[in-house]
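Visitor: Now for the letters of each chain:
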Amino acid sequence: MKREAAPAMPITSEEAVDPAPRSPLSVALVLVAATLLLLAVGTAVGSLGWEPLWSGADTANAILWEIRLPRSMGAWLAGALLGLAGAVAQGLFRNPLADPYLLGSATGAAFGVAVMLVLIGVTPMAAGGWVARLGLTGAGFVGAVVAVLVTLGLARGVQHTLRLLLAGVIVGMLFGALSALVMFRVPDILRSMQAFLLGTTGFLGWGSVGLLGVLFALSVLVAVGFSPALDALALGESTAISLGIPLPKVRVGLVGVMALATGAAVAQVGLIAFIGLLAPHLIRAAVKPTHRWLLPLAALAGGVLLLAADVLARWLLAPQELPVGVLTAILGGGYLLWLMHRRPL
Amino acid sequence: MKAWLVALAVAACLAPLHATAVQVVDDRGRTIELREPPRRIVTLLPSLTETVCELGACDRLVGVDNFSNWPDRVLRLPHVGGLDDASIEQIVALKPDIVLLSATSRALGRLEGLGLRVMGLELKTLADVRRGLGKVGQLLDVPGAEQVWSRINEEVDAAARTLPAKLRGTTVYYEVGGGYAASESSHIGEILSRVGGANVVPGNLGTVPKLNPEFVVRADPQVIMFSDRNVAELPTRPGWSRIRAVREGRLCAFTAAQGDVIVRPGPRLGESARLMVQCLKGELKGRP
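Residue numbers (this note's numbering), protein chains in the order written: chain A, 1 to 345; chain B, 1 to 288.
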């Protein structure tokens with residue numbers, strides 16, 4: 001327990017990015033403003049590209065309220081959950097490369113969706129019954145939770161972070177292989193699976209927004225509640241313990257937040273690349289906050305990123321849609337490349 | 001004795017002719033030359049299997065891909081794997097005179113490298129179906145490719161005639177799954193417009209574009225066609241309850257077997273046209 005579990009790099013990056021660090025509050029305000037702006041843009045971009053529908057006609061109203069608004073808000077919330085989960089993961093594992101999919105939830109969700117698609121295909125009429133009620137989203141969530149539980153079982157709890165990381169990688173591989181196997185046996189589901197694997201924000205309705213919203217509020221509260229522990233953890237596990245941090249309780253709480261946030265986001269929007277990894281880094285490049293600020297700021301940044309990607313995904317090829325996960329990977333990867341180019345590691 | 005000599009002489013005259021009895025250029029632009037029409041054929045695409053059988057050469061098939069399931073007699077043949085992961089070893093062991101497969105299949109190069117003859121065909125549109133029929137007919141050295149093509153056309157036209165005039169121009173959205181639609185330029189779209197349906201997805205978006213779901217709500221199609229895999233999920237998409245097809249319950253969920261007929265650009269396009277007409281007339285009901 002006293003032993004350092006992982007040779008992790010310290011989170012607080014020491015390089016001086018700018019001489020006069022911005023205050024976390026100003027960054028938060030910028031991100032909130034960006035969110036509001038993007039929400040407005042999000043309601044004005046649809047299947048014809050830029051096309052604000054303020055006419056008040058019946059269909060226009062419906063498209064605005066039933067499609068564009070919930071979709072934009074859902075995309076923001078899913079991005080925020082991923083950003084938050086990413087910040088929690090990087091703090092908990094004390095590793096800047098940690099991302100929220102680390103516990104196997106992404107591949108678990110993919111497997112759940114694949115199995116559900118096959119079930120629907122085998123008994124289409126059962127699709128009216130329990131299958132419909134659970135739905136693809138429910139199946140994705142169940143898959144994510146099961147994968148995380150398997151990871152926790154394999155790691156014998158949450159107390160050994162290195163074991164947990166390793167178990168997560170193994171479970172991720174395993175569930176990835178399993179869903180590949182399902183797709184191989186039943187290729188009919190390929191097209192629907194592809195939509196999930198590349199991420200899609202197109203089918204978010206008010207139900208999804210409500211669910212994501214409740215989970216987001218809950219996750220932020222719990223995560224921020226544990227933020228002093230994460231700050232202490234950045235100094236090393238033994239230091240954290242000597243500071244009187246109840247590590248076992250902290251780990252249980254934070255792994256729970258991570259699993260729930262990631263599972264919900266993945267189930268609703270599919271596998272979105274990079275947001276969870278990128279959002280905390282973006283914040284750390286701009287300010288040097290403690291976790292009390294880092295966690296909500298990373299959530300805001302994640303939300304802004306995914307919402308921006310969602311707006312672009314509908315806009316660029318309208319009325320066709322780019323897979324939003326592809327966009328986040330291109331934008332996120334491009335940013336990281338630029339960052340490495342500017343500041344050689 | 002004299003008869004023998006005559007027979008020999010005739011055979012001698014025919015031999016050089018037979019040396020290149022079959023010469024076909026496939027869709028990759030490769031010339032395939034065979035000394036005699038192939039007797040052992042492997043097909044790695046369901047539409048090609050159906051084409052070979054439709055030309056009356058089903059008995060020459062010695063192996064098919066895992067998805068080929070029509071006509072019934074091909075079910076008894078060895079199934080040598082999927083479209084892109086067929087078992088090369090199994091195919092070689094069948095000693096085919098030729099392998100018919102998609103021009104973009106990964107198996108092409110490997111099979112050629114092992115000394116097998118292959119014919120790569122690309123079937124996507126109705127024009128492709130006609131060209132494919134012609135080439136396969138030429139390869140098999142059987143007549144009737146043009147007749148099959150005109151029969152398909154007659155069946156499609158006959159199906160179109162059974163659609164009442166007031167249903168002509170019914171607007172249709174055809175979803176192949178996951179938000180991807182079959183546009184006017186896909187073979188599904190071509191058949192749909194031939195029978196009198198009006199596809200809401202224009203052809204210039206590509207054959208199978210992924211659309212913003214809002215596009216369908218605005219297009220407000222009168223009928224939605226899709227595979228029964230999506231039967232529960234599709235009407236619950238945000239805003240889709242407003243679409244006329246959903247409100248009026250004019251949803252056609254095709255079964256797997258019906259879906260096979262529709263998605264395969266092969267000789268059963270007449271049946272595909274009949275299915276679409278049945279759907280437009282409300283004789284095929286999917287459950288909302």
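Since the hints were derived computationally from the structure, they do not count as laboratory data. One should not assume that every hint holds.
[Unchecked claim] Derived DEER-like restraints, expressed as beta-carbon distance ranges: (1) 110(B) x 333(A): 32 to 42 Å; (2) 169(A) x 87(B): 24 to 34 Å; (3) 217(A) x 110(B): 38 to 48 Å; (4) 207(A) x 255(B): 47 to 57 Å; (5) 239(A) x 242(B): 52 to 62 Å.
Cβ coordinates follow ideal geometry from the N, Cα and C atoms, glycine included.
Visitor: May I ask you to test the hint 24 to 34 Å on the CB atoms belonging to residue 169(A) and residue 87(B)?
Guide: 32 Å, holds
Visitor: Can you let me know if the beta-carbon spacing of residue 239(A) and residue 242(B) is within 52 to 62 Å?
Guide: 59 Å, holds
Visitor: Against the range 38 to 48 Å, how does the distance between the Cβ atoms of residue 217(A) and residue 110(B) compare: consistent or not?
Guide: 56 Å, violated
Visitor: Could you tell me whether the CB distance from residue 110(B) to residue 333(A) stays inside 32 to 42 Å?
Guide: Holds: the Cβ-Cβ distance is about 33 Å, inside 32 to 42 Å.
Visitor: Is 47 to 57 Å right for how far apart the beta carbons of residue 207(A) and residue 255(B) are?
Guide: Violated: the Cβ-Cβ distance is about 29 Å, outside 47 to 57 Å.
The structure fails hints 3 and 4 (numbered hints given earlier, in ascending order).
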